[in-house]
Amino acid sequence: MSGQFVIAPLLVALVTAIATLLTRRFNRVQTTLSLLGGVGYLGAVAWLVSKVDPLGATNVFSYQLSGWQAPFGITLVADSLSAFMLAFSAVIALAALVFSSAYVDTFGQRVSYHPLYHFMMVGVTGSFLTGDIFNLFVWFEVMLMSSYVLVVFYSGPEHTRAALQYVVLNLVGSAVMLLAIGGLYSTTGTLNMADLSRRVANPAAYGDFAVAPVLGLSALLFAVFALKAGLAPFQFWVPAAYRAAPAPVSAMLAGVVKKVGVYAIIRVYFTVFGAAALGGLSFPGLSVPDGGSALLAFYGPILFVMAAASIIVGGLGAVGRDDIDGLLAYSSIGQVGFIVLPLAIAATTTDESIRVLGVSAALVYALNHGFAKGLLFMASGAVYDAVGTEEFPDLGGLSETAPWLSGGFFVGALALIGIPPLSGFFGKLLVFDAAGQASSTAGLAVALFGAILTIAYFSRAWNRGFWGEPSLLVQHGETRFTLVAVVVAMALAIALLGVGFDVVMRAAEAGAEAALDRQEYVETVLGGGSGAEAAGGGGGGHS
Amino acid sequence: MTQFVLAGVLGVLFALGTFLVLRRDVVRVVWGVTIISQSANVYLVTMGGLSGSVPILGGHGGGHGAGVTDPLVQALVLTAIVIGFGTTAFALVLTYRVYEEHGTIDLLELGDKA
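Protein chains in written order, with the numbering used here: chain A, 1 to 543; chain B, 544 to 657.
Keep in mind that the hints are not guaranteed to be accurate.
Some, not all, of what chain A presents toward chain B, calculated at C-beta under 7 angstroms [as the list claims (entries may be wrong)]:
| # | residue |
| --- | --- |
| 1 | 134 |
| 2 | 157 |
| 3 | 160 |
| 4 | 161 |
| 5 | 164 |
| 6 | 167 |
| 7 | 169 |
| 8 | 171 |
| 9 | 178 |
| 10 | 182 |
| 11 | 185 |
| 12 | 186 |
| 13 | 394 |
Computed, partial: chain A to chain B, Cβ under 8 angstroms [said to hold, decoys possible]:
| # | residue |
| --- | --- |
| 14 | 155 |
| 15 | 168 |
| 16 | 172 |
| 17 | 173 |
| 18 | 179 |
| 19 | 451 |
Residues from chain A that keep clear of chain B, each with C-beta distances beyond 10 angstroms, as calculated [what the hints assert, rightly or not]:
| # | residue |
| --- | --- |
| 20 | 4 |
| 21 | 11 |
| 22 | 138 |
| 23 | 163 |
| 24 | 174 |
| 25 | 313 |
| 26 | 417 |
| 27 | 420 |
| 28 | 509 |
Keep in mind the hints are simulated off the structure, nothing from the lab.
A quick note: this is a predicted structure, and the numbers were derived from the prediction, not measured.
Quick reminder that beta carbons are idealized off the backbone N, C-alpha and C, glycines included.
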């Protein structure tokens, strides 16, 4: 099925970015346009979601740019997985935008803040919607280029240093991604995800290329995605960059931009390369049982080790931090581990229902982390705005002077710990459920250890920052209404998501099924009706 | 033959880029990143196969019919080069800003001030 609405969120974000760039001399106009653009973006995403209808039957829509048919032209694809990611990103993006219109000073807003913010959204949207690996690279670059500037936004000594690290690392990452893309093109003769998926599933019909190099090249690509997602051992850029960026930008980086890496891992490995048949390959300590999921079986242990390392490194790092932003940054490394852990289980298992459960657990956890970490970073920004510091030794007693703000922080912390009425409870529950059903003792142990660490560092943050006698700085601090209102609204959203969890769960399951249903994806993108097998004969001669 | 020469050159370029990225001087690091991304571009071109003729000549105007070099990779490289220019320009500006803020572009000295 084709649909023009797929491109709507992209256009809205792009038009807003350009409009805010043109009106940068008129501060009020610019801010108004930017906020309107944020609302419009949410509207466009809602339209897309209503069309894709993740609660009903599986729908996949593709939009062929300029009418060039799929394997040759550029394709945008919207299915339940992209719709799920887009929907929660749009909500977080709007909240962070409202927050930043009050938080970032007038001069900063006038310089470049709004256009950069919207260009970052263009990149994020494009990454979620693209059906082509090279375009994934392009959208990554759009997103990164804006995030470089946003990280260095205040351009003090600390910020320039963090940004330098972030930029150099990502530039090397981009070069590696190009290498992987070039190799994949040379091996398989295509970069379209759907085409790639059907080719690796049946190499004999497409010039009989060797599948073994695909494994190595996909591993190279995986390193880049892991870098974007901030998984250990690629996590070292995270704390400095998150601490340097303005609070709403950190909220976006942790809540949305990191999720692009997670999305890319799900889409590219489960939908595209998961189809690869690796018959005749053997690796030390790995049996290659059935043709269909051999490549996933290869990634299972890798994902597991990275997830476990992230949970431990992030958790232990967060326990030792003395400032809120540092603690949140390390915590976000650990929480991404929690997102990837069920993916590792989904990749390892051969049971289809556990696989769906694993991917939906990852999606639910990604949503929960997006909301909760977005809320926490914004709360930390509001604290900084009121008190002028985020160091725990200078804080204390915030719950007396700023009860609403503290309440918001508390809800965010509880959501990440996983307390029942909040969305975080279901996230944690599903992660444990997936590990339990796959009878993965190691997975359960790691998740349990991570959960205890989460409780440890958040209770420490709460005790030192929010309880006790108000310090001198805190007594003189004054919170601003807009900032606190956004924090409270996010807290309410987290509670609502937890209460109405049924809808979230159904959407996440639809997303997981869309990620695993290669047939539907391939048929839609490459022109419905003709079917993958029939179209194969014609396309085969091309490479 | 071209393939082997290019493979060798690419290897040397990547080695050189890596060497520069590991230096202490920020400007050299930026140079290193630039060289790595440029060699990734050259590598991307070679992935289309170098043996064929120009597509426009090969396909029309009395060409030999067969053996056309894949033009798609060249379109891809064009995009990658433009992106590379943008990011390099930004990295250079950032280096200048780092110098302004810290008074040095020595990465070890930057690290000490943390």
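Outcome of the hint check:
no.: 1; hint: 134; in the structure: holds, 6 angstroms
no.: 2; hint: 157; in the structure: holds, 5 angstroms
no.: 3; hint: 160; in the structure: holds, 5 angstroms
no.: 4; hint: 161; in the structure: holds, 5 angstroms
no.: 5; hint: 164; in the structure: holds, 6 angstroms
no.: 6; hint: 167; in the structure: holds, 6 angstroms
no.: 7; hint: 169; in the structure: violated, 10 angstroms
no.: 8; hint: 171; in the structure: holds, 5 angstroms
no.: 9; hint: 178; in the structure: holds, 4 angstroms
no.: 10; hint: 182; in the structure: holds, 4 angstroms
no.: 11; hint: 185; in the structure: holds, 6 angstroms
no.: 12; hint: 186; in the structure: holds, 4 angstroms
no.: 13; hint: 394; in the structure: violated, 19 angstroms
no.: 14; hint: 155; in the structure: holds, 6 angstroms
no.: 15; hint: 168; in the structure: holds, 6 angstroms
no.: 16; hint: 172; in the structure: holds, 6 angstroms
no.: 17; hint: 173; in the structure: violated, 10 angstroms
no.: 18; hint: 179; in the structure: holds, 6 angstroms
no.: 19; hint: 451; in the structure: violated, 31 angstroms
no.: 20; hint: 4; in the structure: holds, 24 angstroms
no.: 21; hint: 11; in the structure: holds, 20 angstroms
no.: 22; hint: 138; in the structure: violated, 6 angstroms
no.: 23; hint: 163; in the structure: violated, 6 angstroms
no.: 24; hint: 174; in the structure: violated, 7 angstroms
no.: 25; hint: 313; in the structure: holds, 19 angstroms
no.: 26; hint: 417; in the structure: holds, 30 angstroms
no.: 27; hint: 420; in the structure: holds, 41 angstroms
no.: 28; hint: 509; in the structure: holds, 36 angstroms
Violated hints, listed in ascending order, are 7, 13, 17, 19, 22, 23 and 24; each of the other numbered hints is respected by the structure.
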